[in-house]
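2 protein chains.
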Amino acid sequence: MSGGAAESRPAGPVAAFAHRAEHFRPSPVRAVFEHAMRPGIVSLAGGNPDTGVLPHEVLAGMTARILSERGPEVLQYGSGAGIARLTGLVCELMALGGAVATPDRIQVTAGSQAGLDLVTKLFCDPGDVVVAEGPTYVGALGVFGSYEVEVQHVDVDEDGVDPEAVAARIDALRTVGRTVKLVYTVPTFHNPTGVTLTEPRRRRLVEVCAQRGVPVLEDDAYGLLGFDRAHRLPSLYSLDPGAVIHLGSFSKIFSPALRLGWIAAEPSVRARLQIAAEAVTIHPSVLSQELAVEYVGSEHWRPALDRAAARYRARCAAMMEALETYMPAGVRWTRPCGGFFTWLDLDPDADHGDLMHRGLEHGVALVPGGACYADGRPSTSLRLAFSAASEAEIAEGVRRVGEMLRDGVRRRAGD
Amino acid sequence: MSGGAAESRPAGPVAAFAHRAEHFRPSPVRAVFEHAMRPGIVSLAGGNPDTGVLPHEVLAGMTARILSERGPEVLQYGSGAGIARLTGLVCELMALGGAVATPDRIQVTAGSQAGLDLVTKLFCDPGDVVVAEGPTYVGALGVFGSYEVEVQHVDVDEDGVDPEAVAARIDALRTVGRTVKLVYTVPTFHNPTGVTLTEPRRRRLVEVCAQRGVPVLEDDAYGLLGFDRAHRLPSLYSLDPGAVIHLGSFSKIFSPALRLGWIAAEPSVRARLQIAAEAVTIHPSVLSQELAVEYVGSEHWRPALDRAAARYRARCAAMMEALETYMPAGVRWTRPCGGFFTWLDLDPDADHGDLMHRGLEHGVALVPGGACYADGRPSTSLRLAFSAASEAEIAEGVRRVGEMLRDGVRRRAGD
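Sequences listed follow chains G and D, in order. The numbering of the first sequence is the numbering used here, which starts it at 315 and goes up by one. The numbering of the second sequence is the numbering used here, which starts it at 315 and goes up by one.
Simulated from the structure, these hints should not be mistaken for laboratory data. No experiment lies behind these values; they were computed from the predicted model shown. One should not assume that every hint holds.
[What the hints assert, rightly or not] Partial list, computed: chain D residues near chain G (C-beta under 10 Å):
id, residue
1, Ala330
2, His337
3, Leu381
4, Arg384
5, Gly392
6, Gly453
7, Ser460
8, Val490
9, Arg492
10, Lys495
[Said to hold, decoys possible] Using C-beta positions, here's what the derived DEER-type ranges look like:
id, chain 1, residue 1, chain 2, residue 2, range
11, G, Glu383, D, Gly354, 48 to 56 Å
12, D, Ala643, G, Gly402, 48 to 56 Å
13, G, Arg691, D, Ala345, 21 to 29 Å
Ideal placement from N, C-alpha and C gives every residue a C-beta, glycine not left out.
Throw the hints in and build the complete structure from the sequences for me.
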């Protein structure tokens with residue numbers, strides 16, 4: 315692997331990986347999702363939606379009807395852009411975030427992650443820079459790494475990312491000759507922190523990026539999962555569709571198993587994304603698309619989504635209460651208004667060690683904060699998910715986190 | 315787009331595409347699949363399986379049962395390698411081609427095309443070379459182009475590709491300092507020519523590539539679609555699992571709509587492919603996987619596959635008969651023993667013009683041969699698919715191809 319002469323190269327495929335394969339390493343949090351399944355572990359790690367709220371019998375009936383009435387068609391190759399009724403439905407979903415989208419701007423993808431991959435593939439050469447929140451979605455780091463893109467983080471506070479700091483970072487990077495290709499953001503119920511970008515900051519962020527000709531890549535997986543439906547902020551895309559590329563997902567508002575999401579972009583960009591998408595997946599699963607059209611277009615969808623949001627709200631409240639009860643002094647956490655996550659800031663000057671393994675030793679699975687940064691910094695923070703655990707599990711899991719943090723302090727004090 | 319100074323760069327995303335995006339152009343055959351749907355056009359273009367043979371009511375019942383009995387589980391995130399029962403089933407399918415595979419070597423993918431993308435992503439840097447048959451699968455050219463890989467073609471004859479010619483090409487490329495990363499081949503019922511690599515050539519191809527440390531990438535979408543079940547050749551993978559990466563597909567033996575395929579590779583390679591796959595699609599659709607396990611593992615699958623193969627055999631016979639009847643002198647074609655396609659060689663010294671549009675003018679959709687080469691050469695050949703048209707349509711379509719070819723000759727003679 316160290317590039318020796320041809321005759322010393324080992325036979326077989328391993329010697330011949332591409333340069334980018336250096337980045338195809340297990341993420342530091344990959345193991346936690348396996349450990350999280352172990353008996354006795356309370357998992358506050360994974361951002362899983364609660365699929366228990368879905369009307370399974372209704373979905374069974376819909377799927378059976380689709381296959382029985384239109385089998386030869388829905389089992390055949392489909393359109394590369396996505397089936398027409400689904401792109402229409404996506405426009406309706408985007409209207410809930412205030413956006414006026416038309417089907418010629420919608421590219422259906424095999425999940426929002428695939429959308430993120432395609433946009434990165436279309437825009438980014440090795441060595442290019444993406445500016446992203448710090449911390450950011452761990453799965454986005456995997457994508458950017460696979461294209462040898464450098465991620466530059468801009469800190470988030472309770473109001474999201476500071477647009478002036480983003481602008482200053484872009485300008486500073488350009489001054490030293492770097493090429494900034496995208497500003498990647500999860501503006502609503504941010505993964506991993508749970509914070510939401512305020513409306514003034516939304517307007518300003520889109521503005522400073524448009525001025526600099528850097529597209530904003532808005533990842534909006536959680537936008538419809540606010541605890542208070544009345545209080546919904548405009549999507550970045552709705553503020554300037556020419557300056558923003560929008561990633562949508564059916565994973566959190568319906569089911570992640572179907573692998574279905576979308577990209578909204580300028581028609582000329584969408585057309586290129588379709589060509590890139592066809593080279594990877596040809597098209598997303600037609601059965602998934604047909605089921606999404608039937609279900610999300612039916613009267614069953616909204617009540618189930620509201621049931622889910624009510625559960626997430628109650629679980630978030632339970633987590634906030636448990637944090638008040640069990641956290642040692644000096645720990646701070648975010649207070650989300652939606653989504654799946656809260657974020658804990660620990661003492662930034664202390665050595666917290668390997669939080670993932672320390673958590674597992676105490677019987678709780680969590681995502682260590684360092685995993686959400688591209689620069690491999692040590693963890694002085696952690697992410698807790700409240701979406702997929704019961705209120706009792708949350709209380710117990712947070713108690714264990716508190717125990718772990720106190721134990722860490724004691725152990726260090728005793729060193 | 316021509317790389318002017320920063321101040322002259324147009325605002326917005328278009329200016330900032332990656333270098334590879336130059337290759338995200340519509341393929342020359344993309345339009346034909348749209349035109350093929352026009353009234354009055356006989357389509358011999360697309361390699362669609364006949365989904366009319368599938369037992370739709372059975373599939374409807376299976377899907378309903380899966381959702382109704384295990385809804386919360388099958389609608390949740392799944393395993394990145396694929397669900398365990400499916401990797402087991404894949405090993406059984408591979409055994410039909412003589413291969414002994416184990417689940418730790420199987421990576422389930424969101425279609426075989428996604429497998430091709432992942433292998434290319436893992437192995438190929440820009441400027442690397444892939445040696446492939448000439449002509450080759452048009453969708454593979456899209457993948458290789460998207461990674462800025464150069465394709466070097468080695469001609470096929472009625473027995474497939476000549477292993478000695480492949481070896482000589484690799485050696486010649488190395489002599490001039492090029493890096494050959496993969497030998498890509500569709501050895502069985504080749505797309506687009508329909509020919510099958512003979513058993514001696516299979517053994518020798520694997521041998522010469524292993525000697526040179528170049529992995530063979532075997533694309534085996536059609537291996538189970540032979541007209542004569544008794545006459546089955548060993549897969550390349552079965553001959554040397556350490557030297558071959560195998561791509562399998564459920565698209566032709568079940569349904570392309572589900573987007574489900576697999577890669578078989580050394581465990582260490584498979585593990586890297588899983589990480590790369592998770593960054594793109596997280597996992598393939600769980601519903602697709604569950605349905606494939608139920609259906610392909612049931613007593614319904616093999617009879618439907620046999621019904622399909624019988625239809626393809628009859629349609630191929632109809633095409634051979636029509637070719638005998640309608641082709642002008644000097645046209646030669648392959649005589650497939652399975653798969654979906656035959657390949658016509660026209661007069662190599664004549665200018666055949668734009669065969670796609672000439673075909674459409676005569677009311678027949680076909681794939682011009684030039685589209686199946688990476689070098690943009692003019693078409694002196696064409697691909698006809700017999701998989702998705704009735705015998706009457708095939709006769710009429712081939713008659714129109716003959717008319718087109720005679721018309722071309724007449725027009726040139728009259729110029």
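Going down the list of hints, with the structure as the test:
1. Ala330: Given a least distance of 5 Å, the restraint on Ala330 of chain D holds.
2. His337: holds (9 Å)
3. Leu381: holds (4 Å)
4. Arg384: holds (9 Å)
5. Gly392: Where the cut-off is 10 Å and the nearest Cβ of chain G is about 6 Å from Gly392 of chain D, the hint holds.
6. Gly453: Holds: closest Cβ of chain G sits about 7 Å from Gly453 of chain D, inside 10 Å.
7. Ser460: holds (5 Å)
8. Val490: violated (14 Å)
9. Arg492: Where the cut-off is 10 Å and the nearest Cβ of chain G is about 12 Å from Arg492 of chain D, the hint is violated.
10. Lys495: Check passed: Cβ of Lys495 of chain D comes within 5 Å of chain G, closer than 10 Å.
11. G:Glu383 with D:Gly354: 48 to 56 Å: The hint (48 to 56 Å, Cβ to Cβ) is violated, given that Glu383 of chain G and Gly354 of chain D are roughly 28 Å apart.
12. D:Ala643 with G:Gly402: 48 to 56 Å: holds (52 Å)
13. G:Arg691 with D:Ala345: 21 to 29 Å: violated (50 Å)
In terms of the numbered hints stated before, the structure departs from hints 8, 9, 11, 13, listed from lowest to highest.
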